[in-house]
Every structure is written in C-alpha cells, then in structure tokens.
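Read top to bottom, the protein sequences are chains A and B. Throughout the first sequence, residue numbering follows our numbering, covering 1 to 284 in sequence. Throughout the second sequence, residue numbering follows our numbering, covering 1 to 284 in sequence.
No wet-lab data here; the hints were simulated from the structure. Be a bit skeptical, because a hint or two may be false.
Given that identical chains are not distinguished, each listed pair holds provided it fits within a single copy or across any two copies.
What the hints assert, rightly or not - In silico DSBU-like links for lysine-lysine, alpha-carbon gap of 30 Å or less:
1. K137 - K9
2. K240 - K116
3. K9 - K240
4. K79 - K137
5. K240 - K137
6. K9 - K266
7. K116 - K9
8. K266 - K137
9. K49 - K266
10. K240 - K79
11. K266 - K116
12. K49 - K240
All values derive from a computational prediction rather than experimental measurement.
Take a look at the letters that make up each chain.
Number of protein chains: 2
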Amino acid sequence: MRDLSARLKDCAVNTATLGFQATIEEVIDAVARAGFGGIAPWRREVEGKDIGAIARQIRAAGLGVPGYCRSTYIPAADKAAFEQNIEANRRAITDAAELGARSFVMVVGGLPAGSKDIAGARAQVAEGTALLLDHGKAHGVRIALEPLHPVYAADRSCLSLLSEALAMCEAIEGTVNEPWLGVCIDVYHVWWDPGLRQAIARAGAARRILGFHVCDWLVPTEDVLNDRGMMGDGVIDVPKIRRDVEAAGYEGFVEVEIFSAGNWWKRPIAETLSVCRERFATAT
Amino acid sequence: MRDLSARLKDCAVNTATLGFQATIEEVIDAVARAGFGGIAPWRREVEGKDIGAIARQIRAAGLGVPGYCRSTYIPAADKAAFEQNIEANRRAITDAAELGARSFVMVVGGLPAGSKDIAGARAQVAEGTALLLDHGKAHGVRIALEPLHPVYAADRSCLSLLSEALAMCEAIEGTVNEPWLGVCIDVYHVWWDPGLRQAIARAGAARRILGFHVCDWLVPTEDVLNDRGMMGDGVIDVPKIRRDVEAAGYEGFVEVEIFSAGNWWKRPIAETLSVCRERFATAT
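Next comes chain A alone, as it looks inside the complex (with noise of 0.2 Å):
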C-alpha cells in the first residue's frame, strides 16, 4: 500500500468537499497550493464558465482530475425525459473531455416520481449508461458508475452494490482488455457491504477500478446526506479498504469527498485542506 504521507501527489480533492464557499479558480489554487495532486470539480462550478480556460488552469497548477462529477439522473417516468438525461450528460461529458477528467462519475438516480419499479429503474440505466458509454470512447472520457449507499436507493442511485455495478459493466461492455466503464468506489457507500472484499478484486481483475473516494462515517449520523465524516472520526477502517482497493491493482488517486453542512463546510477552506492532508497521512 502506498505510503500517503510521503506522497501528496497522490491525494486529490473533490471540491465538494470545501462546500463550494469559493469560486473554481480559488478552490484550483488552494487546491495546488496545499500540495495535492488532483482536483475533482463539480458542473455546478463549471458550466456556464470558459471550460477552456479552467482546464488550462488546472493543468498549469499541475493538478490531475480523476473524475468530474456528476451525471443527471437517468431514469425517468417517460421515454422523452429519459432522453433529456441523456443528453445532459452527453453534454457533461464533452466538458469532462475538455477539463482533462480521467473518468466521468455517474450517480445514475433512483425511482422515477411515482414508481415502484426498482428493476425498471435499473434497466433504464443499463440503456442510459450503453449510449454514455458510446460517447464517453468518442471523446477519451472513462465512465464510472458509482455505486450508492442504499440508505440512496429510491432517490439518488438504484445502483446500491459494488458487485451490482461491476456486472452492468460487464453486461454492457463484456469483457474487455482496456474497459472504458469501471466503478468509483466510495468507502462511505460501500463499507458494510460483506461481499466488498471479494467485489474489489473483482473490480481490480477487470481493470475497472477508475476512482477511489474517501470521508467516514459518523456515529451518531446526523443527517445521511450532509454529515459525513473526516477520515479517522467515524466507524470506517479506511485503510483496510484501501489497502484491498491497491492490492486489486488500482494506482490512480485517492480522492477525499466529504459532504458536512455542519462541520467542514462552515471552516475555511484551507483549514478543511490541511486536515484532509494530515489524515491521508495518518487514517486513510
């Protein structure tokens, strides 16, 4: 397992993370400034900007971008807002093409409004995500599918489990020697799942381990959606995790993502950053 402390280089920063207090171009250079080695944008900070130019920024700060997040939901409750989501994200991942994103994240969505069809839903994504993945080839941007926690599943990803994600990608795409459709694995999403390990090294054989994020979670959870944890202050053995994650194979970055309204998003960014970087050091 790679030492993190000795290698900041290594550790990147979904932007989420600082609560979007700061426009882009602040986050990219505090970003840089505090060492890391990768930025993860978010559309939310990009679209309507000259991507051109953030994406010549980013590289002149010496950043990498492991992933750009995220996709529109795609299931829908007709045939003509499915097509909508689609092209939406067609749309993002031409931008995540431009902005040098090694992978584009997909949170596919749950139930459309009004269903109970949880199977439904997943079809429609395995649709969506064929055509994405078409797009993504024809502009040398990876798609990962990124499994949610399932305390998410009727509103935010049907997708719920790692080894559910890695046999869409291999219904999809088959098996392949260079898959351009992985997964992000997510140590917040995935942690309690018993079947994780074997899932991992499932996901390292195929080669199809494109992102790899780290938070923690909090005992009590306040809120399930905004209150996740620093790496270190909850029940997750990040480095246990991380250690099967690298042991599979993977050697792209480790990226903190943390979602706290109450906590990290209110201190100043870059306190927030030399926190992440001490506990990549010390509980990752």
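With the hints as your guide, set chain B onto chain A.
For chain B alone, kept in the frame of chain A given last:
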C-alpha cells in the same frame, strides 16, 4: 398469493406500530377487537410483568404470536459484556417460550463502541447466535435473524443482507429439514437489494423464513429510524415482495411494523389499526 382482504387472521400487528401509547393488556384487546390474527409484543411491554397472565390473555383473545421483539445487541467490547448480552437474550428467549412466540427476533447489533472491525462484530454475532440457538431449541423457540438496512450497520445491525443472514444460518446450523434458525424478512430493510428475489427463494427452499414484516419507505424520509411509512404510502412494491415470499413457501403471519414518531404514533390506536387493516387488503 393469499388474499389478505379475506384473511385478516393471517395478519399480525407488531405493537411498535402503535407507539407504545397503551399497556400491553390494552393493546392485546385492541388488536383482537380489530380482527387481526396475531400480535408481536416487545420486551419493554412485557418484562417485569406477569408473563403467564399476558400469555393467557393473548391465547384467550385468539391471537398468535409470530415473534417476540427483540434481542439485546450481541457484539461487545470485551468477553464479559458479550456474556452478559447472551445471558439477557437467554432470559428473553425463555419469556418468548412462555408467551408462545413462534420465534425470537434477533436484531444483532452493530460495532462495539470504539471499534471499526465489522468482520469481528459479525463473528461475535455468529458465536452468540449459536449459543442462543441451543437455548431456543431447549425451550421450543425458533431464532429469527433479521437483517437490517445497511444504514444501521454501524449502530444496530452488522447483518445487512438477507443472503448474509442465510449464510450465517447455514454456517451455524448446517442443512437440516426442520431448522430452528432462520430469518425475519422486513421489506423496509431489504427492498432495495438487487439479490432479494434470489435470496427469498433460497430462504424458502431451506424453510428458514420465520417472519415477514411490512411497512413502506417514504420519499423523502425525515428520519431513517422513526419515519417509516404505512404500506402504500412509499416506494416499496410490497405485494411483489410478498408474492415472492409466499411463492417460496411462507405461510406464516404477515406482520405490520411501523416506526413512525411523527405520524402513526401520534394517532389513536384504533385509527392506526383501522388503516393497517385497509392497507393489508389494498397495498400489501
């Protein structure tokens, strides 16, 4: 699938649904008067009382007892505390026998304080369950492992998946014709699982389905513990899951269990029972 509108005697009420507003004696009368066939009481209503008298009242009212809720959490920080947890459960199983309960419902517990070792917690659960199974057999009470939604993995149940619970049953008891160890399936905890249908079939084939709980997952959910919905008010396709459970051979009670601090627990017991009766017929 059974037509519950014509078979209210196959329907049971878990007393938690009524918010513990009344004594168990009053609740037994209310549930029987409303026409249900079963009642599942909680230890907090029973312990310290004359259990024989409660059991006689339940029998005289013509009610069955699908399960007795619920186990003391098993995983502990040290051996002495573990033994105390097992001993508390042994006493509860003895009470379950006196109540005539068909099963003792096990909510197994999460991580001991300060621990990040979920595999270790699961090992404690397996060890403790084996001990309790012996006690259950000796007293004629089946042990029902209830996998809980992964949102509770840290603090309430390190056992999350139905497939995981079944694997534990088989590891402990082996393959037997008349198992004493099985599972309680609650739609709230497992509805999102892409492997649910397969796991239900497997549980049924092994004759290990000892209980079936219904309620609904609300969108949005205000509180993942105490904001559960009445069948039909959320996104779970309850009839679909019941069809699978009954196709797998389950013929026991369909039991409503709703934790709802903000809604159902505030209503008069008779009103909640009346709505349960209607929703068993129309949305279960």
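The hints, checked one at a time:
Within a single copy, K137 and K9 get their C-alpha atoms as close as 27 Å, which meets the 30 Å cut-off; across copies the closest is 59 Å, which misses it. In this assembly of identical chains, K240 and K116 lie within 30 Å of each other by CA distance solely across copies; the values are 10 Å between and 36 Å within a copy. Only within a single protomer do K9 and K240 lie at most 30 Å apart by alpha-carbon distance; the minimum there is 21 Å, versus 50 Å between protomers. For the homomeric pair K79 and K137, the shortest alpha-carbon distance inside one copy (24 Å) is at most 30 Å, but the shortest distance between copies (56 Å) is not.
Taking the shortest Cα distances, K240 and K137 never come within 30 Å of each other, neither inside one copy (33 Å) nor across copies (39 Å). Proximity of K9 to K266 under the C-alpha cut-off of 30 Å is restricted to the intra-copy arrangement: shortest distance 26 Å within a copy versus 55 Å between copies. Taking CA atoms no more than 30 Å apart as the test, K116 paired with K9 passes between copies only; the shortest distance there is 28 Å, against 45 Å inside one copy. For the homomeric pair K266 and K137, neither the shortest alpha-carbon distance inside one copy (39 Å) nor that between copies (55 Å) is at most 30 Å.
Only within a single protomer do K49 and K266 lie at most 30 Å apart by alpha-carbon distance; the minimum there is 25 Å, versus 51 Å between protomers. Taking the shortest Cα distances, K240 and K79 sit within 30 Å of each other only across copies (25 Å), while inside one copy they are farther apart (43 Å). Taking the shortest Cα distances, K266 and K116 sit within 30 Å of each other only across copies (27 Å), while inside one copy they are farther apart (37 Å). In this assembly of identical chains, K49 and K240 lie within 30 Å of each other by CA distance neither inside one copy nor across copies; the values are 40 Å within and 47 Å between.
Hint violations for this structure: numbers 5, 8 and 12, all remaining hints satisfied.
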